[in-house]
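Sequence positions in the sequence shown follow the UniProt record's numbering and run 1 to 159.
Everything labelled a hint here was simulated from the structure, so no lab data went into it. Among the clues, some could well be false.
[What the hints assert, rightly or not] The calculated DSS-like cross-link candidates involving lysine-lysine, where the alpha carbons are at most 30 Å apart (straight line), are:
no. : residue 1 : residue 2
1   : K102      : K124
2   : K107      : K124
3   : K102      : K147
[Claimed, not checked] Ranges between beta-carbon positions, derived for each pair:
no. : residue 1 : residue 2 : range
4   : M96       : C58       : 13 to 21 Å
5   : G113      : P142      : 22 to 30 Å
6   : V105      : A67       : 36 to 44 Å
7   : D40       : G76       : 36 to 44 Å
8   : D127      : M77       : 25 to 33 Å
9   : P112      : T145      : 28 to 36 Å
10  : A41       : K107      : 28 to 36 Å
11  : A41       : P112      : 35 to 43 Å
Even glycine gets a Cβ: it sits at the ideal position worked out from N, Cα and C.
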Amino acid sequence: MSKPKMAFIVLLGLVATGVAVYLTTDRGPVAQPFALRPDDAALVTRGHQVYLENCASCHGSEGEGQANWRERNAQGMLPAPPHDESGHTWHHPDEMLFALTKYGVAKVANMPGYQSAMPAYEGKLSDSDIIAVLSWIKSQWPEETRKLHDQVNQRAQVK
1 MSKPKMAFIV LLGLVATGVA VYLTTDRGPV AQPFALRPDD AALVTRGHQV
51 YLENCASCHG SEGEGQANWR ERNAQGMLPA PPHDESGHTW HHPDEMLFAL
101 TKYGVAKVAN MPGYQSAMPA YEGKLSDSDI IAVLSWIKSQ WPEETRKLHD
151 QVNQRAQVK
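Please work from the sequences and hints to get the whole structure.
Spelled out as structure tokens, the structure:
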């Protein structure tokens with residue numbers, strides 16, 4: 001057999017082996033769409049505790065928010081909004097709520113100079129704690145508001 005033919009067979013064997021390894025290697029779970037879990041009792045219980053420790057001082061122990069939350073205060077910042085159905089939390093899809101909580105408004109809105117009393121929780125809360133808190137918040141909404149929020153999520157996934 002000629003050297004070029006032998007080299008081609010060896011190369012073909014290596015490629016076939018590489019393809020076989022690729023196809024049979026577990027590359028981990030396929031990413032699922034991000035979703036809050038307001039019906040997961042254990043997660044919601046943990047989320048309520050994390051909320052009380054990190055969020056309630058501004059947003060209220062029941063998510064009622066601060067007075068005049070739509071009007072800027074003397075420092076030019078908006079007070080903490082309510083997280084119940086009277087606020088705007090449910091107007092945002094899950095992924096945005098997560099990003100706003102983790103990274104802060106300025107980063108998510110790409111407005112570096114934006115001033116907000118809301119801290120970014122990256123490095124302070126784990127991703128699972130943020131999901132737990134947001135799941136607790138959603139669990140507090142009336143069924144109709146939860147359905148409306150589910151529609152917000154569906155529209156966000158289509159984009």
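Consistency of the hints with the structure:
At roughly 9 Å between alpha-carbon atoms, K102 and K124 fall within 30 Å of each other, so this suggested pair holds. Simply put, K107 and K124 have alpha-carbon atoms about 16 Å apart, close enough for the 30 Å limit, and the pair holds. With a C-alpha separation of about 24 Å, the suggested pair K102 and K147 falls inside the 30 Å cut-off, and the hint holds. Restraint check, M96 to C58: a C-beta distance of roughly 19 Å satisfies the suggested window 13 to 21 Å.
Hint check: G113 to P142, Cβ distance near 37 Å, so the stated range 22 to 30 Å is violated. At about 20 Å, the beta-carbon gap between V105 and A67 misses the expected band of 36 to 44 Å. D40 and G76 have their C-beta atoms about 38 Å apart, which keeps the hinted 36 to 44 Å range intact. The given range of 25 to 33 Å is respected by D127 and M77, whose C-beta atoms sit roughly 26 Å from each other.
A hinted range of 28 to 36 Å holds for the C-beta pair P112 and T145, which are about 33 Å apart. In this structure the supplied range 28 to 36 Å holds for A41 paired with K107, their Cβ-Cβ distance being about 32 Å. One distance hint, 35 to 43 Å for the beta-carbon pair A41 and P112, holds here, with the actual separation near 40 Å.
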